[in-house]
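A.B. asks: If you want the building blocks of each chain, they are given just below.
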Amino acid sequence: MTSAAMDSIVAPLLSVAPTRALVDEMFTVRVENLPPCQHFTLHSLHLSEDNDYWEAFGHYTSNHKGTVVPQDYTKGGTYTGKEPMGLLWSLRPVPGSRKGLRLRKMNVCSPLLYTISVYSGHLVVGFRAQAPLASALAERWYMAPGVQRISIKEKAVRGTMFFPPGTEWPLPWTLGYYFGPGEMETTEMKSNYFETAFNIVKDHPRVISNKVGIVGLSLGATVAFYLATESKVVKPCCCVCINGHHFNPSGKHLFDLSYDSFKMHVRKLSAYWIDCFEYQESIIIIYLNFWQMGKINCPMLLVCGEDDQNVPAVEVADDIERMVRAAGKDRLLTRLNYPGAGHLIEVPYAPHFRVTAFMQAKEQKVMIVWGGQTKPHSDAQEDSWQKILDYLQLHLYSCPSLASKL
Amino acid sequence: QPHPAKSQHLKEPCYLSVQPCRALVDEKFKVLVQKAPPGAQLTVRSHHHSENKHEWEAFGHYICDSTGPRGTYEGVEPMGLLWSLRPVPGSKPGLRLRKMNVETPMEVTVSVYQGHLSEDFSEQRALAAVVVERWYMAPGVRRIPVTEHDTMLCSGPGRFPAVLDLWGGGGNLMEYRASLLASHGFAALVLDYLTNELTKTTGKMMENDYFEVAFKFLEQHPQIVGSRIAMWGLSFGTAMTLKMAVYSNVIKLRCAVCYSGSHIQPVDGSVKDIKEYMGKKRENIRVTENQEVIFRDLTLPVPKDPAFKVDMGRLQCPLQVVVGLDDQSWPAYESAMDMKVMMEEAGNSHLLTLLTYPHTGHLIEPPYSPYVRTSILRPFPVKVLWGGETAAHSRAQEDAWRKTLLFLREHLYDMRNSAVTSKSNL
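These protein sequence lines are chains Z and P, in that order.
Residues in the first sequence are numbered from 958 upward in steps of one, following the working numbering.
Residues in the second sequence are numbered from 3 upward in steps of one, following the working numbering.
The set of hints was computed from the structure by calculation and includes no laboratory data.
Keep in mind it's a predicted model, so treat the numbers as computed, not measured.
As a list, the in silico DSS-like pairs of lysine-lysine whose alpha-carbon atoms are at most 27 Å apart:
id : chain 1 : residue 1 : chain 2 : residue 2
1  : Z       : K1252     : Z       : K1286
2  : P       : K385      : P       : K202
3  : P       : K55       : P       : K30
4  : Z       : K1022     : P       : K405
5  : P       : K30       : Z       : K1039
6  : Z       : K1286     : Z       : K1344
7  : P       : K32       : Z       : K1344
8  : Z       : K1189     : Z       : K1110
9  : P       : K283      : P       : K385
Coverage of chain P stretches by chain Z, computed from C-beta distances (three or more under 8 Å per stretch; other residues unrestricted):
id : region
10 : 23-36
11 : 133-144
12 : 160-168
13 : 404-416
Simulated coverage check for chain Z against chain P, where a stretch passes if three residues somewhere in it have a Cβ under 8 Å from a Cβ of chain P:
id : region
14 : 977-991
15 : 1086-1093
16 : 1096-1103
Where a beta carbon is used, it is the ideal one built from N, C-alpha and C, also for glycine.
Model the full structure from these sequences, guided by the hints.
C.D. replies: Written out as structure tokens, the structure is:
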């Protein structure tokens, strides 16, 4: 092609708005100046901290003005239908990647970078071998500007505190217990480990001591159940529990066990517990105890992925409801069910993983089925996050809600 | 009325959010205050520490009631927290807020206070605060110093149309408009043609071929579509833009944009000659009772002699002219009227788009840039009156920027009637 001919071809204009956003904010991608009524593919590419490439794409047809927007209907790709955020939530490892990958941001002080591109035609593979017609870079942040991140290493407790910016006023707080078996160091977890952590937060000068809530996913939810029912030391203001189980493996305090023996209990049961819950409840009752959920004294939000293959989230929630109702405390309990959602209900637009590799113990990698179908799981993440934020705001900021939009 | 610090009224913090918390400087944000009791008096304040260590602030007074807040801006204008930023009391006079390092964001702290405060904010405890980042550069835009006095800004990969960006008499290399253009899909080359190293050390001003060299650099650049280059001048930069657009045999512009400038200049003159001509009629300089200097009459009345104004009848590319009707520094309006007449007589007035803004001064900057009515213009050790009124000038900045981007998209991207939605950056 001569350079004169090249000159007369003007590139399409691809714009992402906003180019920088928090991970739970929406964006819009717009492509203009395309030839009308032709096939194009919108593509997003992300290089993870582990150096794996992740991608998502959708097939579109430009309209008569030569424009494509993701609110348009897509019939093919990693997502279908009218899905403006599909380029994020349907992200998956590129063909040829290692198996069982999971995308998690370890350094929250830097953004996730996505290259959003438009290609000619309806492509399914080979994106990196072709030059896109246009590209833009989008940043997605876990931290807003001004948020301070402080590592905590106090009284054997290890964690991170995040402070909202600006004010000197004490603030309400959320304590997040977010981990699963195998992800913690093999240290002995004394019964007071989580109580100590809670008190470190509660006693901090910038924290309103009677406004400390807990958010837990998976085993973190179990910790929340324990603290809300058994702890004599800790009184959470409210709890958000996502896909946790409420059983106490030995009937003793959960964390009087050494971590290794706890793991052993979990592994012994995990092969059987779904069956046990569904078909052999009587056996469970013989061999297991549960946290007495009727003892809760704070509001609790249960989030259940109905297709959770790791924890029988629905059965657990049913049982918790039964116990709480029997104690006359159902006004404290709120429940959100998400059909088609799996175990790992994360923040909005995070990619969905049905199966990933997991270090069960040192040198022992297994493939764990978390469950969920991508589209309903992603919808669950979007819906539950907003409801969780509203729930925390309701219980931790106690002034009557009156919004003032300036 | 109890002193706010001792009041028991609002013991608990309220909930403040600004969305988005990171944005380009030409994008809007929304401010939301929640959990404040009805009837509460609130002050929302923005605060910024500039690169040269000055403090700027703006604030608005609100009352929370069941029908919503009543603010001291006309209606409800969250962007006023930016465009009405002004130096805090006690600051050096004549300051102007301009971002020199475009690779870092401008950080603005937005806070909410109990009561209707107008001063002494540092002695009060904010009920809540957020930090907002305002960026001149989108992710992916690269900043490429070309020489020590020119910078190119470009997002990549791919080929782009380009804009040659010229500022005015204050000189220095101001990259912020060019980096915004690059964030919107236009490669941009900003030139320091008045105060670069060569001029500073030898005293020699740039010749006209300086601009032609810059143009050719763009034209031949592998990432630039050589047939789609525009020039955008503000103030003195307008003089150069019009000169090149009409007379240069080398520079072939797809379109041109002129803000707050004029076509009045010695047509055969170099940059040096033009500068001297601009300052000749010193007797026309006026000074207000506040010692503010008005330069606009220096080149008035519009000459009848064609040797002293660019022959607009010879212009061959579309031209957008933006004029503040209260411009106290350049006779932009008088010049625009004369240009219009020249083009009507020559039959090329269809190329001209003229945008005039009442109560708008000389420094028509990107949207939400803080408005200043006067500032010290280096190298002159005087306070220059730019003109305009805060709200009208700020609205003009917003409107002109949007229309200029549309103008550039139309001519550099062949995008006619492109849709402008609330979601786009325009």
